[in-house]
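**Student:** Residue numbers (the working numbering), protein chains in the order written: chain X, 1 to 264; chain D, 265 to 514; chain S, 515 to 777; chain R, 778 to 1051.
These aren't lab readings, by the way, just hints derived from the structure by calculation.
Any given hint could be a false lead.
[To be verified] BS3-like, lysine-lysine: derived pairs with alpha carbons at most 30 Å apart: (1) S:Lys587 x X:Lys169; (2) X:Lys175 x X:Lys257; (3) S:Lys652 x X:Lys175; (4) S:Lys600 x X:Lys181; (5) X:Lys169 x S:Lys521; (6) S:Lys542 x X:Lys169; (7) S:Lys599 x X:Lys169; (8) S:Lys651 x X:Lys175; (9) X:Lys164 x D:Lys267; (10) X:Lys164 x S:Lys652; (11) D:Lys507 x R:Lys920; (12) S:Lys630 x X:Lys169; (13) R:Lys866 x R:Lys811; (14) S:Lys705 x S:Lys551; (15) S:Lys630 x X:Lys164; (16) X:Lys164 x S:Lys648; (17) S:Lys551 x S:Lys600.
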Amino acid sequence: MNTTTAVQKKRKPEAIGSGYLNIVAPLIVLVILIAALEFFTRAFGISRFVLPPPTDIIVKTISNFPEIWPHFLFTLKIVAIGFMISVPFGMLIAALFSQFEIMVKAISPVIIWLVITPMITLIPLIMLWLGTDPNLRVIVVIIQATPIITLNTLNGFTNIESEKLELAKSVGASKPQTFIKIIFMNAMPQVFTGIKLGCIFSTIGAISADFVAGTVGLGSRIVQYTKYNNIELSYGCIIIIALIGISLFSIVEIIEKRIVLWKN
Amino acid sequence: MTKKRIESFFAPILMFLLIFTGWEIIVRTLKIPKWLLPMPSEIFKSMVVNFPAFWPHILMTIETVLLGFIIAVPIGILLASLITSFKVVNAALSPYVTFLVMVPLISLVPLLMLFMGYGMNVRVVTVIIQSFAVVNMNACTGFNNVPILRQELMQSLGASRLESYRRVILPTAASDIFTGVRLAGIFATTGCISAEYVGGNMGLGSQIIKYSQFLKTTESFACIFYVTIVGLMMYWLISFAQKKIISWKI
Amino acid sequence: MEKKIFKINRISKSFGSENSDSRVDVIKEISMEILEKEFVVILGNSGCGKSTFLKILGGILPASSGNIEFNGKDYGQEIPRDVLKKFGFVFQNNNLLQWRTTEGNLRFMLEMMHLKGDQWTTRIDEMLDIVGLKAYKKVNPHELSGGMRQRVGIARALVHNPDVLILDQPLGALDAITRKMLSYEILNIWKKTQKTVVMVTNNVDEALLLANRIFVLSPVLPTTISHEIQVDIPIEARDENIYENQRFNDLREMINDIVRSTI
Amino acid sequence: MEELGKKTLQEPRIKFENVSKIFETRSQEIVAVKDYSMEVLTGEFVSIIGPSGCGKSTLIRMLDGIIKPTEGNIYLDGNQVNEEGKMPKETLRKMGFIFQQPNLLPWYTVRENVALPLRVFGLSGETWEKRVDELLELVGLSKSGQLFPYEISGGMLQRAGVVRAMVHDPEILLMDEPFGALDELTREQLNMELLEIWKETKKTIIFITHNVEEAVLLSSRIYVMGTQPGRLVSTVNIDLPRPRSLKMITQPEFIGYKQKLTKLIGDLDLSKIK
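Put together the whole structure using the sequences plus the hints.
**Tutor:** In structure tokens form, the structure reads like this:
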């Protein structure tokens, strides 16, 4: 036992789940990123057509905010209403089809087909059918977001451990009871995956609809500002769109954390 | 067993037939004008008859989607590998990984066109920025969720980082990565079509706009169906690759 | 002397459609009678079909042939829904609803059986008290340990005051130490509540500690009852010191030999 | 008495000296193991037993370089192994780790899984390949070598996990509740197989378990651990004759040991739960 000098070592306790790191580190990254962009654009004289300095973007966006405001409201309205219709709609379709095994088989490929089809291809046609009222863009959002919500929800409804269904059987639960109290609750994690993807699809749908036609909406603003070389404002609009998407996503995430307690 | 297999094969086919015949019957009985909503039979006919005219655009769209997608997937995976390899970087960047997916990056398209013109490059870039983020996000999830026991197995053998990555981390994350790749396939087609909307006169997206402006709804629909076929092709390609690569079960 | 609560008559079960290659015969003509307030244990290897048998008994699966009499009434091959109120089923891996708290999981039973009123609310507390989890009333399952979860599972099966408690390998997923402790707890619950209990297990010690009668199932499909053993260890002797009991050890050796010889 | 004499002469193969392990969470420090000391001789079969959360698994993970102790020293063959940085491969090669679950990698066949340590340690050549086949044969898996893990049963999977840890011919086997997830009968069978392997190969084994009966049946010595903090409570030498068999389970001597250990653990456990 005398081969080594037995040095008593004392180490720092090992950290698990380093809490502060997860909050502080991203903030530092953000600050560094903005500072670096600022420095980079100014020091190297990068053309403002490629990337204007962040401070210019912020200042110009704020000073032109009254002009952007109605467009912001409009896009927010389209995304929010479209999203809020898509979620229950998509879930309802899934709930109906999940009741019959044969329907699940028949409809699943159709839903995949709908998810794959970029629904924005229908925008010109929708305008043809329903006129150019910008509010109709809600329809674009709905048809873009609904299939992905249905797909995930249907997955959740059909993937359930047989034990859970056995529990329902062992207490003599009726079909509606089993669906509401077991199948639906059990599918919550997948339902939320679908809703989150629905967020993304909704914003994409709204912005692409703006691109195709019209003079309202943040998407159309980007096109306009870019045309008239107001690059800073284009970037400002992009940031606002990003904020809309992120807020929507964050709200869904907060609700998810409240409901899906058991995931982690 | 066999009965079930027959069911899951024929049920969707029947469903599609039902949808198209229903559509056909409605349009015929209500005598809806062609420019408003064409019959499926006319659309299919147009898909065949106008094929020579569509072909360069189909080809262009396929090229753009595939090229962008093929570049985006490795970028997403590589970026995720880097991010998740270092604890601090992982903590610092993980919220941005989600944010990047949440931002409709197609809003950058007009700006990209400003300094890249209306060529194919700009569309490829659009496809890349629209689809790499979702691969990145899912790959990060996969890399971060490697079961501890598997990591410990490699540690107990004193495996190097690269060896652990190759033998354990990458295969474990494979199914999550494929979830991302599948979504990226969808995002790539959507991204490509929106880029074609905004500028230029090549690709199926531009054709859809053109035909609908001239009230040639049948041709418009034919193009949409071709876009769908491109999307389905992507989907099959990805599913095929997944089956080839993930040959094991969990 | 005592009342027969169950009379099971030549129950068989097969899976897969008739005349197809994938058809599997799991159970072949099992018959048994279970007395009121008796503790019956069914012992068998993994994959021998003992859970399937229990699920038929608990009204979850219908039998392919044979008939079940419960409380003197013949229900044929499947126990109807309204009779299931008289049963409490404990699943192999607790099978709690992860979106409900401990209390919510117990309340689930009452909701399903339309049992309302204050007496049932107090009964939830009583049951949680019996399994020693009153302090964990508002806690979600993922925050409980494996042993605690299984106790909630047992409390849930008892909350609607059933006549029969059916336990499907209730301790199989637990570690050895927790398992031992919970087996004593099941014994105590049985003494306290005076229910008829049918339990499936693959652990000989557990079976001997708890059972009045043990049925050993044959390991090859379709399974049948290979042995029936009366456990004549008095209830007073069933405690931590049971391992010193000569009768216990004799029976244990005997059953071990039976079980091993069948592998 | 002879045992005792031997012990003083022989240098311990493995030595834990006042080892502690502390984890730090956001709100508090958790002492997983406190002041643990133990010595294991060459060729011994030693068990560590205790309730869940007593840090038994942490102990062997520290020995195998998976985690580092916060305090104290661990020696293998007289050399300190808990130095900073990664444990050298030569040291790791002396040990084989058997996990609670089979922990096979689903993308490799059974044979590839068993041969994994060879690949990582860079051992190649015909002798090693032959060894893989021999080991598969030993546990009756030679026909299943080309199958994927999902195609074989739980007991078979765990057998593969056991021989994987032995494929690079380690002298020490570290077993973390290896059969805990299996049903009673398979477990009994595997325990007897393990005794057979131990007898033939003369490995040093540290065996972590919850199961008193299993521990008594297999070990020469049992370390009993308590929780909060994880610490050594008692050491029990098992002087039952070898070779051991399942018949012994019902003999009074065996039951005596079992009772003693059950009491030791039961007291600890009850204080924790109530």
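**Student:** Please flag the earlier hints that this structure goes against, numbers listed from lowest up.
**Tutor:** Going through the list in order, the structure violates no hint and respects every one.
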